[in-house]
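These protein sequences, in sequence, are chains A and B.
When the first sequence is numbered by our numbering, its final residue is 270 and no position is left out of the sequence of numbers.
When the second sequence is numbered by our numbering, its final residue is 270 and no position is left out of the sequence of numbers.
Simulated from the structure, these hints should not be mistaken for laboratory data.
Possibly wrong hints are sitting among the right ones.
[As the list claims (entries may be wrong)] List time: in silico SDA-like cross-link candidates among lysine to any residue, alpha-carbon distance up to 25 Å:
1. B:K20 with B:E253
2. B:K142 with A:P145
3. B:K264 with A:S46
4. B:K256 with A:K111
5. A:K111 with A:Y168
All values reported here derive from a predicted model rather than from experimental measurement.
There are 2 protein chains.
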Amino acid sequence: MRESPIGIFDSGIGGLTVVKAVRQILPKEDIIYLGDTARLPYGSKSTEAIIQFSIEDTQFLVDRGAKYVVIACYSSASVALDIIRKEFSIPVIGVIRPGVRRAMQVAKSGKIGVIGTSLTIYSGGYEKAFKEEGAEAEILGKSCPLFVPLVEEGWLDHEVTTLVAREYLEPFKKDNIDTLLLGCTHYPLLLRTIRKIMGNINYVDASAEVGTELAQGLKKRDLQNPGGKGSTSIYLTDLSINYKEIGERFLGEPMKNFSRVSLKSREMKK
Amino acid sequence: MRESPIGIFDSGIGGLTVVKAVRQILPKEDIIYLGDTARLPYGSKSTEAIIQFSIEDTQFLVDRGAKYVVIACYSSASVALDIIRKEFSIPVIGVIRPGVRRAMQVAKSGKIGVIGTSLTIYSGGYEKAFKEEGAEAEILGKSCPLFVPLVEEGWLDHEVTTLVAREYLEPFKKDNIDTLLLGCTHYPLLLRTIRKIMGNINYVDASAEVGTELAQGLKKRDLQNPGGKGSTSIYLTDLSINYKEIGERFLGEPMKNFSRVSLKSREMKK
Numbered sequence: 001m002r003e004s005p006i007g008i009f010d011s012g013i014g015g016l017t018v019v020k021a022v023r024q025i026l027p028k029e030d031i032i033y034l035g036d037t038a039r040l041p042y043g044s045k046s047t048e049a050i051i052q053f054s055i056e057d058t059q060f061l062v063d064r065g066a067k068y069v070v071i072a073c074y075s076s077a078s079v080a081l082d083i084i085r086k087e088f089s090i091p092v093i094g095v096i097r098p099g100v101r102r103a104m105q106v107a108k109s110g111k112i113g114v115i116g117t118s119l120t121i122y123s124g125g126y127e128k129a130f131k132e133e134g135a136e137a138e139i140l141g142k143s144c145p146l147f148v149p150l151v152e153e154g155w156l157d158h159e160v161t162t163l164v165a166r167e168y169l170e171p172f173k174k175d176n177i178d179t180l181l182l183g184c185t186h187y188p189l190l191l192r193t194i195r196k197i198m199g200n201i202n203y204v205d206a207s208a209e210v211g212t213e214l215a216q217g218l219k220k221r222d223l224q225n226p227g228g229k230g231s232t233s234i235y236l237t238d239l240s241i242n243y244k245e246i247g248e249r250f251l252g253e254p255m256k257n258f259s260r261v262s263l264k265s266r267e268m269k270k
Numbered sequence: 001m002r003e004s005p006i007g008i009f010d011s012g013i014g015g016l017t018v019v020k021a022v023r024q025i026l027p028k029e030d031i032i033y034l035g036d037t038a039r040l041p042y043g044s045k046s047t048e049a050i051i052q053f054s055i056e057d058t059q060f061l062v063d064r065g066a067k068y069v070v071i072a073c074y075s076s077a078s079v080a081l082d083i084i085r086k087e088f089s090i091p092v093i094g095v096i097r098p099g100v101r102r103a104m105q106v107a108k109s110g111k112i113g114v115i116g117t118s119l120t121i122y123s124g125g126y127e128k129a130f131k132e133e134g135a136e137a138e139i140l141g142k143s144c145p146l147f148v149p150l151v152e153e154g155w156l157d158h159e160v161t162t163l164v165a166r167e168y169l170e171p172f173k174k175d176n177i178d179t180l181l182l183g184c185t186h187y188p189l190l191l192r193t194i195r196k197i198m199g200n201i202n203y204v205d206a207s208a209e210v211g212t213e214l215a216q217g218l219k220k221r222d223l224q225n226p227g228g229k230g231s232t233s234i235y236l237t238d239l240s241i242n243y244k245e246i247g248e249r250f251l252g253e254p255m256k257n258f259s260r261v262s263l264k265s266r267e268m269k270k
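This is chain A alone, in the form it adopts within the complex:
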């Protein structure tokens, strides 16, 4: 079991930022990654559909021997985490709570900013998570719908991206937040540009925080791989035109080991 891989899934390839973070923190662990690119984006789907897809994604990883599952998709982690924990016997961790807990640790001023896609911000998932974690800080959300397409276009340091970031983040400067939570798989790639606008405040990268909590979870359950090779196998349900170029941007290294797969439909337990 300790030699088994860690399973990570996302609706697309943005979750490879989580893979990158996990690899840095846990270099000996083997990772299998599933990107459900045939059905992305999950964010515009109904809750029932997101739950069903998330169960099928988890089943795929479990069938390949995953000892631990990480939900790298913000939509899935918002609506499906509890149900997946009930449906499967292996430990499961979502991308939302670790970032929330970290933001609460570092925030001093009582004002925490959260950026994400429209669904992430307007669904109120983050406000609920902060509340349930007992946060007393004021949570200020801002949706940044152009950030994902800008990252996928590869314009990480483009003047357009700086202009867009200035417009989106202006309200946070006025509100004097001291901590900004990057609530989307794509946003860590824009940190340099965001820092140019927001300056020297605390930045919490939810993708990286998942890695930290995953390492703690493996240790607590005695599931650490003593001698893995640190391999990464990538499975995608559809291969779009730019998937490799964009995927390598997230992963921070060449994508060597990837294949296209189909998912089996799976009934929920009664």
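Following the hints, put chain B in place on chain A, whose structure we already have.
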């Protein structure tokens, strides 16, 4: 039959630009519009999936009495038009060919530019269409992946949009094209910005050209509605957060008559 509505479908709400164009040209016709927002975008799906979805969309419109079907989705029109014509007995028109034919009529210099999403450009669908229509002009394609999110964000005249357009369209200026085909439902809303960059050349709005060919088709088949009210009924398979605001941007008027619907699955004829 002449009193029956025209059916128009798209994977999302961008096809409402086609509705707007049809209403202007055929003000007495009643229109039913289906946006398959639960399954958008079609562009990232497999050909088999797009065909299956397109058949279900058409069936929905036929079940509601459509006398003519317009495929306002570029991905559907690329891969599913011929099959839909075989599956259904009513006349069907796609969004691609009318724009191609119009561009061939107005182009003088022998160089035609086409802009669209990555799928539209890299699939080669436009090149094939121009070739099959007998075009001798050189066809220059450029994907503009940020245009759709910019329109959906509502930044139609924003300085960011001007900067993005300048970067995307620069190659066309160097190539001295004299005709630019707007090959995406969202792009007519950016025409003012595009014109600032490209100046006084020919612009072909594929959405509008579909309306023109539809009017000809109705007349030819004696299907014109002599006394319709010009009503528009909008059906969406999912209601996302900003659908109304964005939809009204495409439609150019308030969305009054809309409902959420589920599609029935449908087997293809053997």
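Quick rundown of the hints versus the structure:
no. : hint               : verdict
1   : B:K20 with B:E253  : holds (9 Å)
2   : B:K142 with A:P145 : holds (23 Å)
3   : B:K264 with A:S46  : holds (17 Å)
4   : B:K256 with A:K111 : violated (40 Å)
5   : A:K111 with A:Y168 : holds (17 Å)
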